[in-house]
Structure formats: C-alpha cells, structure tokens
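Chains A and B are the protein sequences, given in the same order. Residue numbering for the first sequence follows the numbering used here, beginning at 52 and increasing consecutively. Residue numbering for the second sequence follows the numbering used here, beginning at 3 and increasing consecutively.
Honestly, the hints are just simulated from the structure, not real lab data. Certain hints may be false.
[Said to hold, decoys possible] Partial pick of chain A residues on the chain B-facing surface, computed with a CB cut under 7 Å:
#1 63
#2 90
#3 91
#4 93
#5 105
#6 116
#7 118
#8 120
#9 121
#10 158
#11 160
#12 364
[What the hints assert, rightly or not] To spell it out: a stretch of chain B is covered by chain A in this simulated footprint if at least three of its residues, at any positions, have a beta carbon under 8 Å from a beta carbon of chain A; those stretches are:
#13 14–25
#14 52–59
#15 78–92
#16 322–335
Yeah, the Cβ is synthetic: ideal placement off N, Cα and C, and Gly gets one too.
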Amino acid sequence: MTLSPLPTNLSRAGGCTLTGALSVTPQVRNTVTIIHGPRGCSHHNFSLLHATAFDNDQVAVPALISTGLGETEIIYGGEDALARAISSAADRDFCAIFVLSTCIVDTIGDDVVEVCNREYGMPVIPIPSSGFLGGTFQNGVNNALIAIAAMAEPCTKNAGVNIIGEMNLEYEVEENYREISRLLASLGLPINCRFVHDLPFEGIGSLGAAQLNILRHPALCPVGTYLEQRFGTPFVCSFPLGFEKTLSFMESVAGACGIDGNLAVERERSLQEKIIDDFGDLSGSTATFDPSPVDPESIRVAEEAADVLHINIGQQGTGNLVPANPATGTAGIRRMLHRWRRSLHA
Amino acid sequence: MPECESPLWPCAMTGAAACLAGFDGITVVIHGSSGCYYYPATLLHVPLHGTFIVENEVIFGSEARLLEVVGEVAGTGNRIAVITTCVPAILGEDIRSMLEGYDVLLVDSPGFSGNIEAGYAKALSLLAPTVDPSADGVNIDGVCMFDPFYRGNIQELRRLLGMASIPVGTTFCCDRLEKTRSASPYTIGTNNDFQSGIGEYLGDTLGIEAIRSSFQKIGDRFGQSDIAPVEKELMQQEEEIVRVCDKYLRRFDPPGVVIFAGASYAEFAGQTLARYLDADIRYIGSRNEPGVSQYRTGFVAGLGEARTLLEKYEPDLVIGSSFEQSVLKKRAFTGITPPLRGNIRLAPVPLAGINGTLSFIEHALNACMDSKQQEAIR
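From just these sequences and the hints, can you work out the full model?
Next comes the structure, spelled out in structure tokens:
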C-alpha cells in the first residue's frame, strides 16, 4: 500500500502512541493503567500484551481499565467517565494510577490532565498518548518513561548501571537483557534498575542512583537526555549489534564508568573468534539477505558477519535466504548464525 | 458504557473487517491510523489496506489521502470497501461524496459504536446479499474469520452436506463476492452469533441434536437429498461419545464448569457437557448479549469480572480463551474462544458438525484427565 511521504517528519506506519505507552506502564508492579477511550482500543492493546506475555512465557497480564466510551460519551464528553474510573481504581490496592488517552478523546477535547489533577488519595499520572494524534509508538514509549522518571528524586550514586527502555513487546526481550547483563558483569558492573521492565513501584526511587544509563535504542535519546538533566547520569545510546560494536560498547561503558575494561574486551574478542571458528563450515557459501524489511544497522551487522565468515552475499535469487535481524551482542550474532547454518545447509 | 477491566472482545471496526475480508472480490481499506489497522491485520491474517492517516489529515481533511489509497487499490476488478475508524467517523467529512468516482462500499463502523458482532452485521447488511430462488443447495452461515474454528467449520459442513448429496450454496462470510448475489433459499449455521439472516434458516450444527434436527429439515426440503449417511454417522459417533464419557464417569465425578464464550458457542459447550458428562454448568460468561439459556448466564466484558466469577464458582473445568487461561489456578482448561495464545494451531479444527462435537468432547475430557493426573503428582 502507499505510504506517501508527509511534509512533517512523521511516519505513517509509526504505530500508536497508546501502544507505545502501554509497552511501558503495565511493567510497573502494583500500579494500574487506565485507558481513556472506547473498549476496542483497550482490547486491541490488551490482546497484544497478552500475546507478547505468552511468547515470553509469562502467563499473567497486568490489569488495564478502559473507561469504555460509547456514542453518548463521544457526543457529550467523557470526562465524567474518566473521573469515575479513576475514583474506582483509587479504591483498590494500587500504589499509583497511570492514565493514557486515545485519539478519539483528543479529538473530542476531553481535558484529561485536569481530571487527573483532582484529589483521589493516590498518585494519578497522565501520560500524553493520544493514539496517532500524539505521534508514533516511540513517542508513547518516551512519554511514558519520562512521566515515570519524573516520579523519582535525585539520590546518592552507586556503582550500578540502569537499563533504559527495553522493548518489552519484542520476542527476545529477556535474551537481550541477559546478554547486556553478561557484558556488564564481565566489566564488574551490576545492574541498578531495569527502567521499565517488571519494576517494583518502589524501585522507581532508585532510578537516579546509577552511574550510567544504557538505552535500548537510539530513539530513546530524548529519555537519556531527560535523565541526564534530572539526575546527572550520562548515557550510552544503544544496546550493541554486531561483533565490533559489541567490543566498542564495552569500551564505551568502561570509559564512562572510569574502569579498565581491557581484559574484559579481550575475553570477549576471544569468544567472538571462537564463534567465527565454530561457524567456519559456512565459509564460501553464497547467501542472500531475507528481503523482509530490515533497518540499515541490521544490514551492516549481517554484512559484517558474512565478511568475517567469507560468505558471499549475492543478489536476490542467487543463494539461500538468510535472516538479517541480529539480536543484541555477541550471543545475538551466534543465534543469527545458527539460523544461517540451518538455511545454508537446507 | 461502564468502565471495564481488560476488555475481552474486539470492536465493531474489527467485526466489519472480519466480515468483508472473507469475500474474495473485496478489497478492504481501513480508514484510520496505523494503530487501528494493525489489530485486524494481525488478527485476521488476510491482506488489508489502510489509509494510515496522521494528524495533518485530521486538521486539514483526509480526502486527498483517502483518494490516494483508494485510487491505488482501484482497477483490480475488486469492489472496494472502506471501513471508518473512530476519529474519521466523527470528523464530519462527507466520505461518500469524496469517493463518488469509485464503486465503494462505505461502512461506518467505528470502534465506539459497538462490538465485533455489531460491525460484522452492519457490514453484511450493507453488502445486501440476495437470494436466488432457483439456486440449488444450502448456504453455510455464521463463518467469521475472527473465529479460530471458522476453517474447520466450513470443511466439516461441506463434508456433511456432501454426505447428504446437497450442494453448498454461499458461505457467509467466506466465499466469492458474486455468490452473495445468488444465495440459496436455505441456510444452516455454524455460529449463531454471526447469523446472516439470508434464506430460510434450517438450524445450526453445534451439537449432535442440533445437527440431527437441521439435517432432518434439509431432508424435508430437498427431495433429492439422502440424509441417511449423516444420520448413521450421528448415531455411531454419539455412541462413541457416550462410551468415552461413561468411561470417564466410572472414575471421576462430573466437572463443575464455567464457560466464557460468545453466546452460541457457550450454549453449545454447556449443553454438550451437561448431556454427556452430567457436568454442573455453574455459570456462562457471555462475550456478547446472552440469549435465552437454561444456565445462569451474564454478559462478561472484562477479565476482572471473569476472574471474580472463577473465584466465586470454583470450577473444575474452564471453557474459554487464553485470557481466562492466564488467570486460572491449576484448573482444567479447554479453549473455544479467541484468542487462543500459547498453542500452535495449524490444522483446521471444527467446533460445528459431528467432528466439532467430537473434538470438543475430546479436548474437554483430556483437559480434565490431565488436571487429575497433575493433582495426583502434586
């Protein structure tokens, strides 16, 4: 279908800010998220979270409350419905209430912030997420992270590192975290806080204690900048993809934390050389990258792997299709190479 | 509409898409944002198109964008159906006038206007199928691409009609578009929640009794039919159901059951389990407005209500979706309601027809016995 360019730098296929925000807020334990809009919006997103949870072997899905707007509220306004839903949630045993708006609510002009600012006896945090009217999926993620970060106060620093903005809806979210944890552990650095992934409400308060923030993806840079301004915490702008970038990531983290990472980097380089050796049987093969949409960074990493393994990358139709979507770090490349072997030996 | 914790059922826009996408010869365009598009696109696993509107089009009008997308998909010979989502539905644009240069079916079915059944019914009514009095065969009704059993139901109904030497008329809604113009005068159903209202309804095919009744009516209407093979298989397979259920009851008490499903499937599940297992149907939580039922029944919109009912009625066996499965505490579970996550489903399994009843009983008994074994291990 056509995705014609727009005068502004917006993507038509950028997804929904509501979904982006919802990939974050239910990850704060002991809180509830209210979606101010029709039930359908909540169902669509609840269903997505449910599917993702099953994929990640987590059966339970956090509660989402829909204000259930119907035609009457669309015509006469939905602020009363929102106030009722917040009051009802405030009677329950939660630590905080997040309120997300939808595109239809933005269109009819409900003053969500004013309703949230009323007294409910519990923190009520409105998060800008007006569906497609608030931007893209990534804007929803960033808005939610910044709104939650605003609840934390500056505190004494420790030796830990924060992981910021994990993509909670991605299939390999836990594997990517494990790989980052491994790389940090090899540098002798503990994790301070996964912001936000299965985070206890009380854990928000420790956000400012880390000496370094590691962002999941460069699109989170506004969040990194906000955290730097609020807590004085510098940031590394992305999880690493590819052999070389993994080593330079370790050097950057070590440099930012003022530690000597040379030994850890050399150990990682040795591990990478062993992996290259293990996949030596692929040398001389001809492959074509899977034509499904991939970003330039993934192509770069796949080309790097093909280059070190002496795999010829041909035009479409000249070799077996191999996926060009590596996961984080050295382990992510190894898993991708197993898939390449399956394809090239098929 | 009151507030609702974790809503369990899709909106009217999704229902309209599920109806129209079933017809070969229709190109469906979702007029809305990418967020609204992704849900039906990933749920139905069929090609859908979207206008993917952004803020600019809300402020300055969506005509140019809509014409761009419709213009791109026009010219294939397919009829174009445009389904409006929430925001375009209230912008006040005259979409019909915008698209007057095209033969477009405009379905105003925003999410806030109701649930999936409402959108499905509205889209089908706008399609305005017609009966051809001279058309042979029997239509198959109640097919919705949202239903995980729809493919299996079609195959099973085709098999049974074939056994009775009855041609298949039009399948609502999974057929060639032109067949909606020449539907047969008679119809049998697979799921009454998605009834088309086309032709004389001869009954549904959920459960042995319903199949027997519907095929007797077919036999009455069609002199050339031979329903004896269907009746013979009904008798043989019902004996088999009785045999395995009796064997189960020799060792175990009947299960107490709570069911969460659309009204039609829920009633089938309740009646089947009560008839063959003497099950205690403690509650039916209907995803849509419940009809007349011999069981305690109510409309259950959210997972919070479902969780409360499970705590109240403490069933041994839960029939529902993977939503309910996610809040079960070591109870037996059988899935008949979408979504059914956590399982790979490739084969077209029916719930309607003889094989549908066999499959349902089989899954329910296996779930109960697995649960008993797990209890014993614990």
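These are the hints, each one checked on the structure:
Hint status for residue 63 (chain A) relative to chain B: holds, with the closest Cβ pair at about 4 Å, below 7 Å. Annotation: interface hint on residue 90 (chain A) holds; nearest CB of chain B at approximately 4 Å, less than 7 Å. At a threshold of 7 Å, the smallest CB-CB gap from residue 91 (chain A) to chain B is about 2 Å, leaving the interface hint in force. Taken as an interface hint, residue 93 (chain A) checks out: its beta carbon lies about 5 Å from the nearest beta carbon of chain B, inside 7 Å.
The beta carbon of residue 105 (chain A) comes within 4 Å of a beta carbon in chain B, closer than 7 Å, and the hint placing it at the interface holds. Taken as an interface hint, residue 116 (chain A) checks out: its beta carbon lies about 5 Å from the nearest beta carbon of chain B, inside 7 Å. Because the beta carbon of residue 118 (chain A) sits about 5 Å from the nearest beta carbon in chain B, less than 7 Å, this interface hint is met. Of the supplied interface hints, the one on residue 120 (chain A) holds, with its beta-carbon coming within about 6 Å of a beta-carbon of chain B, less than 7 Å.
The beta carbon of residue 121 (chain A) comes within 4 Å of a beta carbon in chain B, closer than 7 Å, and the hint placing it at the interface holds. Because the beta carbon of residue 158 (chain A) sits about 5 Å from the nearest beta carbon in chain B, less than 7 Å, this interface hint is met. Violation of the interface hint for residue 160 (chain A) is found here, the shortest Cβ-Cβ separation to chain B being roughly 11 Å, above the 7 Å cut-off. Checking residue 364 (chain A) against chain B: minimum C-beta separation of about 30 Å lies over 7 Å; hint violated.
With 3 residues carrying a beta carbon less than 8 Å from a beta carbon of chain A, the region 14–25 of chain B meets the three-residue requirement, and the given coverage holds. Under the rule that three or more residues need a Cβ within less than 8 Å of chain A, the assignment of the region 52–59 of chain B holds, with 6 such residues. Coverage of the region 78–92 of chain B by chain A holds. Counting CB-CB distances below 8 Å, 3 residues qualify, and the rule asks for three or more. Here's how the region 322–335 of chain B fares: 5 of its residues keep a CB closer than 8 Å to some CB of chain A, so the rule of at least three is met and the hint holds.
Hint check: violations occur at hints 11 and 12; the rest are consistent with the structure.
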